[in-house]
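Colleague: Given chain A, work out where chain B should sit, using these hints.
There are 2 protein chains.
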Amino acid sequence: MVSMAAGRTDWTRRRNEFEKRLCEGRQFVGEPGSKIVDPLDCVPLLEAVIRSGDRVALEGNNQKQADFLADCLCNIDAERVNNLHMVQSVIALPSHCEIFERGIAGIADFSYSSPQSARVAKMVSEGKMRIGEIHTYLELFGRYFVDLTPDVALITAISADRDGNLYTGPNTEDTPTIVEAAKFRQGIVVAQVEKIVDKLPRVDIPGEWVDFLVPVGRPCYTEPLFTRDPALITDVHVLMAMMVIKGIYAEYGVKSLNHGIGFGTCAIELLLPTFAESLGLKGKICSHWTVNPHPSLIPAIECGFIESIHSFGSEVGMEEYMANRPDVFFIGPDGTMRSNRAMCQVAGHYAVDAFVGSTLQMDRYGNSSTAVAGRIAGFGGAPNMGCDPPGRRHSSPSWLRAGKESAMTQDLIGPVPRGRKLVIQMVETFGAGRVPSFVHRLDAWTLMEEAGFKVPPIMMYGDAITHLVTEEGIAHLLRCDSLEQREAAIKAVAGYTDLGREADPKETLELRRQGIVQTPQDLGIDIGDANTSHLAARSIRELVEWSGGLYRPPDRFREW
Amino acid sequence: MVSMAAGRTDWTRRRNEFEKRLCEGRQFVGEPGSKIVDPLDCVPLLEAVIRSGDRVALEGNNQKQADFLADCLCNIDAERVNNLHMVQSVIALPSHCEIFERGIAGIADFSYSSPQSARVAKMVSEGKMRIGEIHTYLELFGRYFVDLTPDVALITAISADRDGNLYTGPNTEDTPTIVEAAKFRQGIVVAQVEKIVDKLPRVDIPGEWVDFLVPVGRPCYTEPLFTRDPALITDVHVLMAMMVIKGIYAEYGVKSLNHGIGFGTCAIELLLPTFAESLGLKGKICSHWTVNPHPSLIPAIECGFIESIHSFGSEVGMEEYMANRPDVFFIGPDGTMRSNRAMCQVAGHYAVDAFVGSTLQMDRYGNSSTAVAGRIAGFGGAPNMGCDPPGRRHSSPSWLRAGKESAMTQDLIGPVPRGRKLVIQMVETFGAGRVPSFVHRLDAWTLMEEAGFKVPPIMMYGDAITHLVTEEGIAHLLRCDSLEQREAAIKAVAGYTDLGREADPKETLELRRQGIVQTPQDLGIDIGDANTSHLAARSIRELVEWSGGLYRPPDRFREW
Chain A
1 MVSMAAGRTD
11 WTRRRNEFEK
21 RLCEGRQFVG
31 EPGSKIVDPL
41 DCVPLLEAVI
51 RSGDRVALEG
61 NNQKQADFLA
71 DCLCNIDAER
81 VNNLHMVQSV
91 IALPSHCEIF
101 ERGIAGIADF
111 SYSSPQSARV
121 AKMVSEGKMR
131 IGEIHTYLEL
141 FGRYFVDLTP
151 DVALITAISA
161 DRDGNLYTGP
171 NTEDTPTIVE
181 AAKFRQGIVV
191 AQVEKIVDKL
201 PRVDIPGEWV
211 DFLVPVGRPC
221 YTEPLFTRDP
231 ALITDVHVLM
241 AMMVIKGIYA
251 EYGVKSLNHG
261 IGFGTCAIEL
271 LLPTFAESLG
281 LKGKICSHWT
291 VNPHPSLIPA
301 IECGFIESIH
311 SFGSEVGMEE
321 YMANRPDVFF
331 IGPDGTMRSN
341 RAMCQVAGHY
351 AVDAFVGSTL
361 QMDRYGNSST
371 AVAGRIAGFG
381 GAPNMGCDPP
391 GRRHSSPSWL
401 RAGKESAMTQ
411 DLIGPVPRGR
421 KLVIQMVETF
431 GAGRVPSFVH
441 RLDAWTLMEE
451 AGFKVPPIMM
461 YGDAITHLVT
471 EEGIAHLLRC
481 DSLEQREAAI
491 KAVAGYTDLG
501 READPKETLE
511 LRRQGIVQTP
521 QDLGIDIGDA
531 NTSHLAARSI
541 RELVEWSGGL
551 YRPPDRFREW
Chain B
1 MVSMAAGRTD
11 WTRRRNEFEK
21 RLCEGRQFVG
31 EPGSKIVDPL
41 DCVPLLEAVI
51 RSGDRVALEG
61 NNQKQADFLA
71 DCLCNIDAER
81 VNNLHMVQSV
91 IALPSHCEIF
101 ERGIAGIADF
111 SYSSPQSARV
121 AKMVSEGKMR
131 IGEIHTYLEL
141 FGRYFVDLTP
151 DVALITAISA
161 DRDGNLYTGP
171 NTEDTPTIVE
181 AAKFRQGIVV
191 AQVEKIVDKL
201 PRVDIPGEWV
211 DFLVPVGRPC
221 YTEPLFTRDP
231 ALITDVHVLM
241 AMMVIKGIYA
251 EYGVKSLNHG
261 IGFGTCAIEL
271 LLPTFAESLG
281 LKGKICSHWT
291 VNPHPSLIPA
301 IECGFIESIH
311 SFGSEVGMEE
321 YMANRPDVFF
331 IGPDGTMRSN
341 RAMCQVAGHY
351 AVDAFVGSTL
361 QMDRYGNSST
371 AVAGRIAGFG
381 GAPNMGCDPP
391 GRRHSSPSWL
401 RAGKESAMTQ
411 DLIGPVPRGR
421 KLVIQMVETF
431 GAGRVPSFVH
441 RLDAWTLMEE
451 AGFKVPPIMM
461 YGDAITHLVT
471 EEGIAHLLRC
481 DSLEQREAAI
491 KAVAGYTDLG
501 READPKETLE
511 LRRQGIVQTP
521 QDLGIDIGDA
531 NTSHLAARSI
541 RELVEWSGGL
551 YRPPDRFREW
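As you go down the protein sequences, you meet chains A and B in turn. Position 223 of the first sequence, counting from 1, maps to 223 under the numbering used here, and the rest follow consecutively. Position 466 of the second sequence, counting from 1, maps to 466 under the numbering used here, and the rest follow consecutively.
A portion of the hints provided could be inaccurate.
As the list claims (entries may be wrong) - Derived BS3-like pairs (lysine-lysine); straight-line CA-CA distance at most 30 Å: (1) K199/A <-> K199/B; (2) K122/B <-> K454/B; (3) K454/B <-> K282/A.
Treat the hints as calculated values from the structure; they're not laboratory data.
Chain A on its own, in the form it takes in the complex (with noise of 0.2 Å):
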C-alpha cells in the first residue's frame, strides 16, 4: 500500500466559510432565527455574504430577473468585494452591466446577452469585463455541478412563507437549477420576494435550501420575449410556412417539436387549424411541444392540435389561460404552471423529432450564425436543440426516416442505420433592410477577432442542419452526400445574395430532379394563394378572443 502521508486533512473549508457567511449576514435579519431582510439592509447583507473573487450566480434568466439583487449588487462596496465572477444565464438589464463598470465583478460566463450585446463588447474591449465562457443553458447548468458551481445564488420568487419555502410558479425556469447548484456546495442563497405569506400556493424551493428573504414589495421585471403580433407577419412568412408544414412535418410525420421565436415559427403555428387541418394533418403532426407559451399557440390548443406543452419558462399574460388549460401546460396542485429551463431543455434536446429556428447568416457550408460585429449576444438555448444528439438512442418514424436519408452518415459510421432528429432554418434570403442572409463570410470571424474568442461563435453547424426553408423553397440538406452538393442545394434556394447567383440552373435542376431542392411549385403549393387571410388569428386582439379572455397581453401589444 502506498503511503497516505501526503494527505489533504482539512475537509470542510466550504461548511466554514458558509458558516462564517451566515453569521455575518444574520445580523442583519429582524429578529432572531427569521430569515427576513429589511430590503434596505439588502447592500450589507450581500457585503456580508459574498467575498471577493466569489462565483456569484445572479438570477437572470430568459424572462424573469432578480432585478432587486441586481441593483443592490451594483452598490456593495468595490473596495471591500471584487473581482466577482459572475456565472448567469443571461445578461439582460443595464445593472448586470454596471456591476462590471463599478469593478465589482471581473469575470462573465453565460449564455445569452443579447439586450446587452453592444455594451458587453464595448466593456471586454475596455477591459472591464472578461469573458469566461460563452454557453447554451444547458452547458452552463451542467457547469453549475461541475467547475463553475456558485459560491453565491441571488435569486427570484414570486413568494416565500417565514420558514424560507418560496412559491416561483409559471416562471420557475433556472430557481431550482441555480438553488440546487449552489446549496449542495455549502453556498449562501439570497431570494428576492415580492412579498412573505403565512401559507404559499405551492412550494417550488424547499425552506431550508434558502438562507436570507428580501421580501421587496413588487414583483420582479419580467419580460414578454415570446409574443409575436401575429399583424406583422408577410405573405413570404406565411408561403415559408406552408412549405414547412407540407414539405416537412407532413412528409416526416412530426409529432413533438420546438418553435424558435420568430415570425415564421410565429406563421405555422397560426396555420395550423387551417392550412394543415385543410391538409388532414391534426393528430398527425406537431401534438406534443417542448416550447415558451408563445401566445400564437391559443388557436392551435383552441382547436385541440395541442396534446401537451412544457416549457423553458413563462410568458407574461399567459398565466390565467395556461391555469384553465391544465390538460395541456405543465400545471401544479395549486393550479398555476410551472416551467423548468434545465428539464425543458433536456426534453428538446433528446425528445421532439424536430428544431425550426432562424438565423441572420449563412455561409456555404450551411453553417450559421447570429453574430454581428461590435455586439456580443450568446447562443441562448438554440444550438442545445438546434442539433442531433448523438447519444439519442429511441426512435420515432421522423427519426428513422430522417436518418435514413441522411446520405453522408456511411461515410463516418459504415454501413450502418441509425436515425436523426429534424433541424430545420427558416431564413429570408434577405433579411431587415435587405441585407443579405447568405453570406462568404460570417461576420462570426471578426467578432472571434474583436472579442478575442477561441472559435468562431457559431450558432449551428452546417452538419447539425437537415433543412434550410427560404422564399425560394425547401434544401433537404441531409439527402446531400457531399459538402459539394451541400453548398449547391443552399445555393439554389439562396435567391438573389451574392452566393445564391452563383447556383448553376442546370444543377439546380438536376437537385429539384433529385429531390434535394423543392420549390413551392413542386411542393405543390400555389405563391398566390400563400397570404396572411390564411393565419387564425391576424392580429393581438384575435388571440385574446380565441382565448375567451383568459389570455391578458402586456399593454404595449394592445392595439384597442
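Modeller: Chain B alone, transformed into the frame defined by chain A:
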C-alpha cells in the same frame, strides 16, 4: 378570423381524473387529512389509483429500488388493472418482470435492464412484454416532459414527515425528475418510505407533490453497483490505465471527466496518487468529476488530487465517508450527500473534457456495443456521456486540442474550427473467456433481428470515439482523415483477433510514425514495470484504511 366552432371545450380531464383517484385512494389513509397508508393496504391503494392503460413510472433507478411498491404492483388484480405502460429507468428486480408475466403491464419504455436482460428478451419473444423504446437515462427523462409523462409515479424515499415532505438523501437519483413530471401533469404520486418522522434531516421533495405515503419499516433495496475490488485489477489493466494517463489525460490536459464502471477505469483512479503524481500531474488532470462515488476514488481524494465530485446516485457504504468530505462531494445543509441523476447526466454530457468507458465488442468502423444475443440490456447513461455534444459552445484546452486534431471535421462543416470532447474506449483485445472484442459483425445486429428493433442497439458509434486503448496501444481515432484510416488504426491495436490479424504491419508502422497509433514503447511506458504494485490500494481493506474507517463496504466485499 377563422371560425372557432370546432374548438375543444373540456380542458380538465386529467385534473378530474386525478381528483377521482385521489378520492378513491383516500379511503385507505389511516385518518382524514393524512397521506399515510398502512403497507397492508398498499395493494388496494394501487388498485384504486391506477387505471388500465396508465403510464406508470415505477422507481427503478440504477441503485435504489421502490421494491415494496414493485411487489405490491405485482399483486394487484390483473382483471381490474392491466395493460400498464411502464416508463422507468431500470428493469432491475424480478418483480419488474413479474408485472409483465402476470399480465398487469404490457409495454415498457426504459433505459437499462442488464440484471434482467435474459428474462426481458424471453418475455419479448413470448409476447409478454412489448418494448416501446430503449433510451439513455436523460432522453427518457426528456420524454417524461413530452410524450411519456407518467400518470402514476411509484417512488421511494428514506423518510417522510406527516405533510408528505420527503428526504431522499444520498440516493436522491431520479426521484425529483419523476415526481415533477408526474405531479405537474396531475398525476398521482405514491412514496414508499422506511419511516415517518416528525422532522426530516432535510426536504428533498416538497410535501404537496406527494399524495400517499407507505411506511414499510425497512430501507428500500439498494445495490452497490459501483464497487470494484482492487484485488481483481490485473497488470494489463494497469498497463492500459498508464497509457490513458500518460498518453491522453496528460497530453490533452483533461481536468473534468466521467468514468464508466470497469477495472480499467478503476485502475486509472488508483494510479492517480502514484503514477500520475510521479509524472507531476496533480492539479493538472482529473480535478473535477461527474461520477458515482466509486470507493476506488478514495485514495485520490485523500491525496488532494480531486476537487469536486457530482454524482448520479450514491454507493452503498460511502455515505459516512462522503459526509466527512463536504469540500469534495455535493452535501446538503443536513450534512448528507444529494445526488441527482438528471443534472449529473447533463453535466456529464456538456461540462466535461472526457468520458472513459468500456465495451464488449467493436467493429471495424469503431461502432461498439455491449449487446449480446438473447439479452436485452439497454443503454444506461453511456451514450449520453460518450459522445461529443454538438450543442456545446464553451471551450477548454482539451476540447480545443481535440477539435483541432479531428481530421474529418472539415468534410462536414468546411474550414471552420470547433472543439471536441474526448471519448475513450478501454478494451482488452480478448474479453472474459478469451472472446474476441474486435469482430466483423456486432452481436447487436442479431439482437436487432431477434427483438424486432428498428436499428441495431449500438452503444457508441464510431464517429463519437476519439481514442481506443487496448493492451497493444492507443489508436488516436480522431486523427484519422477517413473511415479507411480509422479502420487501419483500429486493426493496428486489435491484437490477435480476426480483425487485428488483418492489420498491415507496414501501414501500422506508418500510423505510428504519424502519431495516430502509439504503443506503450512509443509512450515511454515500460511494460515490465506496468503491474499492480503501483496501485494506491490493492484491496477493499486498503480502501477502508485510506478512508480512515469512514468507508463501510457491504459484507460481500469484506474479506476480513
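Colleague: Each of the hints needs a verdict: does it hold here or not?
Modeller: Each hint tested on the structure:
1. K199/A <-> K199/B: At roughly 19 Å apart (the allowed maximum being 30 Å), K199/B and K199/A satisfy the hint.
2. K122/B <-> K454/B: holds (18 Å)
3. K454/B <-> K282/A: It holds: about 26 Å lies between the C-alpha atoms, which stays within 30 Å.
Figure legend: structure checked against the earlier numbered hints; every hint is met.
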